[in-house]
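Trainee: Below, each chain spelled out in residue letters.
There are 2 protein chains.
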Amino acid sequence: MNPDIRRERENATFSTELLTNILDGDQEKTRRRREIVSLVCSDPDFEHEDLNFLSRSERYEAAVKKSAQMILKMREYGVSDPEEIYCYKSSVHRGRSEPLDLHLGMFLPTLLNQATPEQQERFLMPAWNLEIIGTYAQTEIGHGTHLRGLETTATYDPATQEFVLNSPTVTSIKWWPGGLGKTANHAVVLAQLHTQGKCRGLHAFIVPIRSTSSHKPLPGVEVGDIGPKFGFDEVDNGYLKFANVRVPRGNMLMKYAQVEPDGTYQKAPSDKLTYGTMVFIRSMIVGDSARALSKASTIAIRYSAVRHQSELRPGEAEPQILDYQTQQQKLFPLLATAYAFQFVGQYMTQTYHRITGDINQGDYTELPELHALAAGLKAFTTWAANAGIEECRMACGGHGYSRCSSLPDIYVNFTPSCTYEGENTVMMLQTARYLVKSYRQARDGQQLRGVVSYLNEADRRLRTQPVSAAPQLDADDLPGLVEAYKLRAASLVALAAKNLQAQLQKGKRQEDAWNSTAVDLVRASDAHCHYVVVKLFSSKLEEVQDSEVHSVLATLALLYALHGISQRSGDFLQAGLLSVSQLPRVSQKLKELLARVRPNAVALVDAFDYRDEMLNSVLGRYDGNVYENMFEWARKSPLNRTEVHESYYKYLKPLQAKL
Amino acid sequence: MNPDIRRERENATFSTELLTNILDGDQEKTRRRREIVSLVCSDPDFEHEDLNFLSRSERYEAAVKKSAQMILKMREYGVSDPEEIYCYKSSVHRGRSEPLDLHLGMFLPTLLNQATPEQQERFLMPAWNLEIIGTYAQTEIGHGTHLRGLETTATYDPATQEFVLNSPTVTSIKWWPGGLGKTANHAVVLAQLHTQGKCRGLHAFIVPIRSTSSHKPLPGVEVGDIGPKFGFDEVDNGYLKFANVRVPRGNMLMKYAQVEPDGTYQKAPSDKLTYGTMVFIRSMIVGDSARALSKASTIAIRYSAVRHQSELRPGEAEPQILDYQTQQQKLFPLLATAYAFQFVGQYMTQTYHRITGDINQGDYTELPELHALAAGLKAFTTWAANAGIEECRMACGGHGYSRCSSLPDIYVNFTPSCTYEGENTVMMLQTARYLVKSYRQARDGQQLRGVVSYLNEADRRLRTQPVSAAPQLDADDLPGLVEAYKLRAASLVALAAKNLQAQLQKGKRQEDAWNSTAVDLVRASDAHCHYVVVKLFSSKLEEVQDSEVHSVLATLALLYALHGISQRSGDFLQAGLLSVSQLPRVSQKLKELLARVRPNAVALVDAFDYRDEMLNSVLGRYDGNVYENMFEWARKSPLNRTEVHESYYKYLKPLQAKL
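Chains as they are written, first to last, in numbering that gives the first Met the number 0: chain A, 0 to 658; chain B, 0 to 658.
Calculated directly from the structure, the hints in this document are not laboratory data.
Some clues are possibly wrong.
Stated by the list, open to error - Below, in silico cross-link-like pairs of lysine to any residue (SDA-like), each with a Cα-Cα straight-line distance of 20 Å or less:
1) K652(B) with L71(A)
2) K329(A) with K507(B)
3) K588(A) with R620(A)
4) K652(A) with L103(B)
5) K652(B) with L217(A)
6) K652(A) with G230(B)
7) K657(B) with D44(A)
8) K507(B) with W513(A)
9) K254(B) with E482(B)
10) K505(A) with R312(B)
11) K215(A) with K635(B)
12) K215(A) with R522(B)
13) K505(A) with Q587(B)
14) K657(B) with A126(A)
15) K652(A) with P125(B)
16) K197(A) with A126(A)
17) K649(B) with E57(A)
18) K649(A) with R58(B)
19) K635(A) with S515(B)
20) K588(B) with W513(A)
21) K329(A) with L111(B)
22) K507(B) with A316(A)
23) K539(A) with A256(A)
24) K657(A) with P598(B)
25) K588(B) with L503(A)
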């Protein structure tokens, strides 16, 4: 092991193992996760060349091969618990998306949730046995987050008792579904249902798209891959165009809404039924943000511990770059953010499971709040992780730009989460809608509960407290900082609501007023989410028994909170929560916290417990032996397979003769 | 043409042609640029398949082919003026880097500047005729920006009158030089010169690395490609390892320093001689930032004009997404930034040329200031453009993630500029060093000149002006805002200098004190650069004659300045340049400016005048016909060349049989 990184580990003040258990949930969960990861990593059937050295077609092929193996092996080993499936799957694919993702994660669950018993009978076993490989075809070339705008039509023909699917415009071509391009032979297609001369809105249809024997596209179906993307090289995101494709009446998923043989339409009893899945997926994305950022921080911090550069003191050895304050300033707030998001992710999963119980009892009381929270936190965490991964990459200098660092891969595979499952700005505005509504309810005397209860006093507080009455914010007092975040959120929600009101009073229509205030509304949602994250991080500390682990996490929580205040100091000053004279103290305290995190930085990323195989990063190796392995990696890369590249003979040699 | 985008152009309030001339310099320059771009775009020898559909090896080969053609054609057409060469070259390679970049941009100029007449005789014509293809091998696996740390050795052996080159450690392997991996047969190698038992520091040597007849590596030379990167797929960045490679004494570049036959060392008369090139390259990078961001804004704004989504008013048609305030808030400040950086780039080029005249006369007076400015602005503009390109991509939703948008390519090919030619944080600290030095000079009574002259009063002003005396900053008054930026910079430079002083007074060593204040120092540099950008944008307005163009540029300048204030409001509040009660006015004004830019947004990006061939973006097409062309592009992509991918037969079909 590299002596620098060994010394870092020796100097840590806490047990990484205890912290790993906290991140996993408990000791047993850590054990089981490691067991599964081990099972995969030691399995020669999952070995293949570094994906960075393969063409896109080869990468897709490697992924199909692994997915096929994975299905067989999970059956063989009896891996069936959803959490364990997730763990096994992400070990196999190293956290990347894969061609069967939508089959497993959307097609099968949709059948389970929206198909009638008869339909389940017909489709479920074949799908389980991969005779039917499905995808979920929702977004179109012209519409993403705004579902009502989708244009694909399914028109019922009572004469033959069939639905006729069409893509009436270029913009109606289905676009982006994973696994659609080459892999799937069926799709759940979201289409506007037309029957008895009326449009009945979006419904889901099971549509065969490729022959189950030859795998060739069926008549009327034009289907293919949408071409190379920033990342997701293993996934065949596809397009799908229908020209009078007929499916039997029984292929509309009819558990809720129905079309009778004569074309009579029966609508679904409630539209909240698909609500839960959306909330669930967005909650899961919060966890994805945490994982992506924790991987990136692991790589950047380990590398910064073994990289020596420049000189601090003339004549002395070059310091580890982790000793530079500017490097700490880049990486440690991101490390703190990764921890914060891990805990927020845990909270979201727990809350979802808790509320699911209520929902199954028909109690939807808490759903709107969870829905608003999931939307906002999805946006808040993905944006922060997205920018943070790139900061980590750039903090590794030139070598971060090499594919051997894995940082480019982490970025390109994570960044779509800012867009999919609800475009982030749209998500922030959804949260804002809930906040403004809550604010108005509170103003009108209603007593709010849950996370927005702070709005009960927002209006009164803002009217009574002059700016000069800024409390002496204490940079060491985490509960006090949580309170400051809360009041900042209250102040910005109130401000957005008032600006909105002012637009309405000018006679603007509701929608125009909303659009003219959108910037303020997003800002309010952002402050709300920021408050929730700080609060959850702070609450998590209360659960931590071990005093050494508690101490290091408390430092991170304080760093996270103060860093946010220094980045948005204008907000805190504007809300009267901070005075100008306190700013130097905030800056000073931040620098102290960087120094305090420094000795534990490597141990803190070790606690994320990513095996080298999962990181796949030369810079982030556990043993710190970066340079020799970088050289090895380069030597194996495709352009070095021949001593002289053929372009020399084709273009350079002839040119030399000519000149 | 798409009717939305036609309407946008019809509604513009100014002549794009006039603005294009301003961006190019004058009407004649616009004409000549278009002529050259046309020459390249209509030349069938430069046609090839979309690079996104090629493997890395094919991309490298396509680039070599184009570079070879380019050399021939530039001779044929007599393109020899440096600006015209630049224009021709970037038209051929669409602004991308290419395998001969370092031959043309570093190897040849180094020969011209540092070789003796005898050496020029020997190397220049063969290099001009590409018998010698060179690269510039400076950075090593273990050292980048910190040049003194380089470890490659060149030891003089008087017995044979040769230098013996060695890579004594893994970290000393040359790493990253473009064209080194496969293309070059010679390298200018930077190595620590040892002669007569002493190390004499870094010197440059011409080292043959591959046979000029077979192109195979020469004995003792291990050379290859460093493997795939985030971008730069056309460039063979390489590694180079020496084991006792001998070159004749005459291969050390000896125009300045010399080694005599007996090994006696004569040092160079001045170390400022290589200073100029560095400043020049960093100044050029400011222009690169402007171009990259203007391309990205062009794509995002044109696409936002043709993309319709969601509903503002129930029952009405879906609006162009450019009508959403949140979309304007994302894109218009970036558009303003692209303009600001264009003008800063022009200024840097002009200043460099002006000062070069002085330098050639032996007058180095202005060089330190230009050096500090180039370092800081290189960092400031590349960071802003880097983040801005990604904002543009994400503002295009899912389709921005497709390679057909070209936004991923712009990003991955631009982002290394944050690292190369001086890592950005190191650059900011270099600028800070100059600022602190200037501040101390001013405090000690020296009268500063040039751009830092504002520091003459920084100290006095901060001591005399209490925070409560905040002037009533006027959101419409651009000169007033420039003044505010100036005072903010002064305040942050003073703050950093004082914090540094406080550390020294605690008894810390100079270097440790510097490191403990690094975060403040970077912040001060950032504020300084921000001030310079705002000031230069404002000054540029004075040159603009046409009142309509003036009006639209003035709006952009105001937007740029106010957006910066709102983003860093804490700084302005802290410096007493703004009061809390003014913040709502700043927000309100910003929203008004977004609305004012809106009708001219498409015309403003049209004025950047990128031909479709140069943008290579389906989303950014001039005619706005996005969707049909996206579909066409996808259909042509590699995975669609066969109806059924071979992995189906290899893995999926057998699996279906097993389950």
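Trainee: Each hint should be assessed against the structure and marked as holding or not.
Mentor: Here is what the structure says about each hint:
Under the criterion of a C-alpha separation no larger than 20 Å, the hint pairing K652(B) with L71(A) is consistent with the structure, at around 13 Å. For a cut-off of 20 Å, the pair hint linking K329(A) to K507(B) is broken: about 24 Å separates their Cα positions. The hinted pair formed by K588(A) and R620(A) fails the criterion: a straight-line CA distance of about 32 Å is larger than 20 Å. The suggested pairing of K652(A) with L103(B) holds, with an alpha-carbon distance near 18 Å, which does not exceed 20 Å.
Taking the CA atoms of K652(B) and L217(A), the gap is about 18 Å. The hint holds against a cut of 20 Å. About 27 Å separates the Cα atoms of K652(A) and G230(B), which puts this hinted pair outside 20 Å; it is violated. The suggested pairing of K657(B) with D44(A) holds, with an alpha-carbon distance near 17 Å, which does not exceed 20 Å. For the suggested pair K507(B) and W513(A), the alpha carbons sit about 55 Å apart, so the restraint of at most 20 Å is broken.
Annotation: proposed proximity of K254(B) to E482(B) is violated, straight-line Cα distance about 47 Å (limit 20 Å). At most 20 Å may separate the alpha-carbon atoms for a hinted pair to count; K505(A) and R312(B) meet this at roughly 17 Å. Between the alpha carbons of K215(A) and K635(B) the distance comes to roughly 18 Å, so the proposed pair stays at or under 20 Å and holds. Using a Cα cut-off of 20 Å, the hinted pair K215(A) and R522(B) is violated, with the two alpha carbons roughly 60 Å apart.
Between K505(A) and Q587(B), the direct Cα distance comes to roughly 15 Å. Compliance with the 20 Å bound is thereby established for this hinted pair. Taking the CA atoms of K657(B) and A126(A), the gap is near 14 Å; set against the 20 Å cutoff, the hint holds. The hinted pair formed by K652(A) and P125(B) meets the criterion: a straight-line CA distance of about 14 Å does not exceed 20 Å. Under the criterion of a C-alpha separation no larger than 20 Å, the hint pairing K197(A) with A126(A) is inconsistent with the structure, at around 33 Å.
Under the criterion of a C-alpha separation no larger than 20 Å, the hint pairing K649(B) with E57(A) is consistent with the structure, at around 13 Å. Note on K649(A) and R58(B): the hinted pairing holds, with a Cα-Cα distance of about 14 Å set against a maximum of 20 Å. With a C-alpha separation of about 42 Å, the suggested pairing of K635(A) with S515(B) is violated against the 20 Å cut-off. Proximity of K588(B) to W513(A) is assessed by CA-CA distance (about 17 Å); at most 20 Å being required, the pair is judged to hold.
Only pairs whose Cα atoms come within 20 Å are accepted, and K329(A) paired with L111(B) is rejected, the gap being roughly 41 Å. In summary, the hint linking K507(B) to A316(A) is supported, as the alpha carbons are separated by about 18 Å, within the 20 Å threshold. With a CA separation close to 43 Å, the supplied pair K539(A) and A256(A) exceeds the 20 Å bound. The suggested pairing of K657(A) with P598(B) is violated, with an alpha-carbon distance near 54 Å, which exceeds 20 Å.
This hinted pair checks out: K588(B) and L503(A) have alpha carbons roughly 18 Å apart, not beyond 20 Å.
Of the numbered hints stated above, those contradicted by the structure are hints 2, 3, 6, 8, 9, 12, 16, 19, 21, 23 and 24, listed in ascending order.
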